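K.L.:
Sequence:
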Amino acid sequence: MTMKVDLLLRQLGAFILIIFIMPLGFAQATKAPLTKQDSNREDVAAEIASLLTDLQSLERETAKFNDPLAEALAKAEIADAAWQFDRAWAKKLLRAAYELALPKTEQGAGQDRPAGSIPPMPNAADSARQRVRRRVLEIARRDKDFTSELIQLEQKSLGVYGKHYASAIIADQALMAGDTKAAADYIIQGIEADPTQGTAPYLINGLALRDRRLADDLILRYIDELRRFPLSSGNQSDVRTFYILSGLVRPYLFNPAANSEPVRIDPPGPEVMRAYIGYMLETLSMLEQKEPGYLQMRRRILLSLWVPLQQYAPDLVTAFLNLESHSRRPGEPSSLPTAASLEEERRSSYERRIKDGLNGDQPAVATIYSAISRGDFDKARKLIDKLSDESKKKQLSDTVNAEEAISLAAQGKVYEAETLAGKLNSVASITRVYPTLISKCFAKKDQLCANTLVSQALRQIKTSDLSPPVSPEGIPASAVVSDQRVDPVLSFIAKLALEVFPYNADLAFDMVNELVSATNAHPIDAEQGQTVFDMNIFKQLARKDEFRTEQAAYSLRNRVQQVLALTAIYQSKAERLSQKQAQPAKGS
Numbered sequence: 001m002t003m004k005v006d007l008l009l010r011q012l013g014a015f016i017l018i019i020f021i022m023p024l025g026f027a028q029a030t031k032a033p034l035t036k037q038d039s040n041r042e043d044v045a046a047e048i049a050s051l052l053t054d055l056q057s058l059e060r061e062t063a064k065f066n067d068p069l070a071e072a073l074a075k076a077e078i079a080d081a082a083w084q085f086d087r088a089w090a091k092k093l094l095r096a097a098y099e100l101a102l103p104k105t106e107q108g109a110g111q112d113r114p115a116g117s118i119p120p121m122p123n124a125a126d127s128a129r130q131r132v133r134r135r136v137l138e139i140a141r142r143d144k145d146f147t148s149e150l151i152q153l154e155q156k157s158l159g160v161y162g163k164h165y166a167s168a169i170i171a172d173q174a175l176m177a178g179d180t181k182a183a184a185d186y187i188i189q190g191i192e193a194d195p196t197q198g199t200a201p202y203l204i205n206g207l208a209l210r211d212r213r214l215a216d217d218l219i220l221r222y223i224d225e226l227r228r229f230p231l232s233s234g235n236q237s238d239v240r241t242f243y244i245l246s247g248l249v250r251p252y253l254f255n256p257a258a259n260s261e262p263v264r265i266d267p268p269g270p271e272v273m274r275a276y277i278g279y280m281l282e283t284l285s286m287l288e289q290k291e292p293g294y295l296q297m298r299r300r301i302l303l304s305l306w307v308p309l310q311q312y313a314p315d316l317v318t319a320f321l322n323l324e325s326h327s328r329r330p331g332e333p334s335s336l337p338t339a340a341s342l343e344e345e346r347r348s349s350y351e352r353r354i355k356d357g358l359n360g361d362q363p364a365v366a367t368i369y370s371a372i373s374r375g376d377f378d379k380a381r382k383l384i385d386k387l388s389d390e391s392k393k394k395q396l397s398d399t400v401n402a403e404e405a406i407s408l409a410a411q412g413k414v415y416e417a418e419t420l421a422g423k424l425n426s427v428a429s430i431t432r433v434y435p436t437l438i439s440k441c442f443a444k445k446d447q448l449c450a451n452t453l454v455s456q457a458l459r460q461i462k463t464s465d466l467s468p469p470v471s472p473e474g475i476p477a478s479a480v481v482s483d484q485r486v487d488p489v490l491s492f493i494a495k496l497a498l499e500v501f502p503y504n505a506d507l508a509f510d511m512v513n514e515l516v517s518a519t520n521a522h523p524i525d526a527e528q529g530q531t532v533f534d535m536n537i538f539k540q541l542a543r544k545d546e547f548r549t550e551q552a553a554y555s556l557r558n559r560v561q562q563v564l565a566l567t568a569i570y571q572s573k574a575e576r577l578s579q580k581q582a583q584p585a586k587g588s
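Throughout the sequence shown, residue numbering follows the working numbering, covering 1 to 588 in sequence.
Calculated directly from the structure, the hints in this document are not laboratory data.
What follows is a set of in silico ranges between Cβ atoms, one per label pair, in the way DEER data are often shown:
#1 Met297 to Ser348: 17 to 25 Å
#2 Asp465 to Met121: 19 to 27 Å
#3 Ala364 to Asn66: 38 to 46 Å
#4 Glu514 to Glu149: 36 to 44 Å
BS3-like mimics (lysine-lysine), calculated; alpha carbons at most 25 Å apart, straight line:
#5 Lys544 to Lys444
#6 Lys91 to Lys573
#7 Lys92 to Lys156
#8 Lys392 to Lys462
#9 Lys394 to Lys382
#10 Lys92 to Lys573
#11 Lys495 to Lys444
#12 Lys544 to Lys580
#13 Lys355 to Lys392
#14 Lys144 to Lys92
#15 Lys386 to Lys355
#16 Lys423 to Lys495
#17 Lys156 to Lys91
#18 Lys64 to Lys104
The structure displayed is predicted, hence computed values, not measured ones.
Backbone N, C-alpha and C define an ideal beta-carbon position, used for all residues, glycine too.
All chains, please: the whole structure from these sequences, using the hints.
P.N.:
What follows is the structure, encoded as structure tokens:
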């Protein structure tokens, strides 16, 4: 018997039970009538009981899944819906989900990996497991003690790197929720686990957008933690740490969302800059003592300190000059950089790489990306034209068009941006550009513009190139591997429906119906872990029309997808019931 029929029979049984007990209510004539508030409270309690029954039925379905990660994700989502009404059961589900999503020992767990080690390079399976654990932590974050329990599970399985990474995930979620204090606490927890990994300290720049003073305090604590940790070139903890610190004291741009316009960050204060310069001089000196010749190898890093040192730590000039003399190779000039000379060096280095690329036969992909990032789109196209690999040429041309379209849209040149968007071929570029353009149509209250772009995006995405972005030289393809359990085309349609929903619910429902049809026709077996797209769209649509959304969910033929979609609807119902449950308390 299908799950749909089972749920309908249980609803029918509840209706029959109500009819049966109604005469008993009339027979108790001596019982005082309920107040409206008591009646409402009982109605809400009955709805909550019914919701928990439905969730328990879905949870039993998860035991039939063939893939542990599909089961883990479903359990986590069910726990999210049940959290307000049965906390103990929700925690049990989250604990089980987290354990299912941890790698087994034979899958490369790193319990014995010491702090400072080279970070593991995740493969597709690792990315899928991380995505599920990230979702579990997002739900569990409401309970700090329980969150700590899950982090300990991560550390037990993946060592100190696991604790660092899990702490950073929760910090990032707290940051997105606007809870800067919690974010700061978890950033420090991640740093204390392993200060040489970049995931946690990188979030300090995100915190700086909201609270520069708190971000400065964290940088100072980070530097204090580093002072107690021995760096080494052998495990690359030195270059990782120097790179992290450089990004914190010279924050240029922080992009909190994939399609948002870049935001400039205020630089840290003088106290941070002085502490940074002092730490760098101490560490470079220490590493030179441990590894003779180290200063010559890292001379550029040392020289980069000279300009800020004169402003923030002039008393350290003697210490700097002593190290600088040791860093010079025989015959190397002793001149020190200025702010102007550093800027000129960066500019001339870039221009030299562009010139070499144009004069050579095969320009470096890294040079092409550098031109794109600077907005030199014409130069980037000229470099791309020289490539012999037609596949690379096509993909990189798509990247140029996408980035120029974003740039034009930011300048208000929407028509030109739309023209470039119409040329996009890759799923990555289409996913990046169209939500930005459509949001600008809605901002102008131009429904025709939005409808036209939605239709255009859906046509292009169905025939798009699914290849991953071209990696620059020296970066393995595995470094940019995506979670293969999530289909990018269907995910884009779901994402676009979410973008459209606040402005045009009917159009969003039409898009979801098309999404369901495409999903049912999709060749990938979702039961083997392919969740295919973000089911959050069902949660959002249920707030508008629960019955219509349930119809769409029940139309999904795959058991895993149907459970996840229904759970998303029940999450919406749980939010509504939680609000109704709180109303009597407010009125009392």
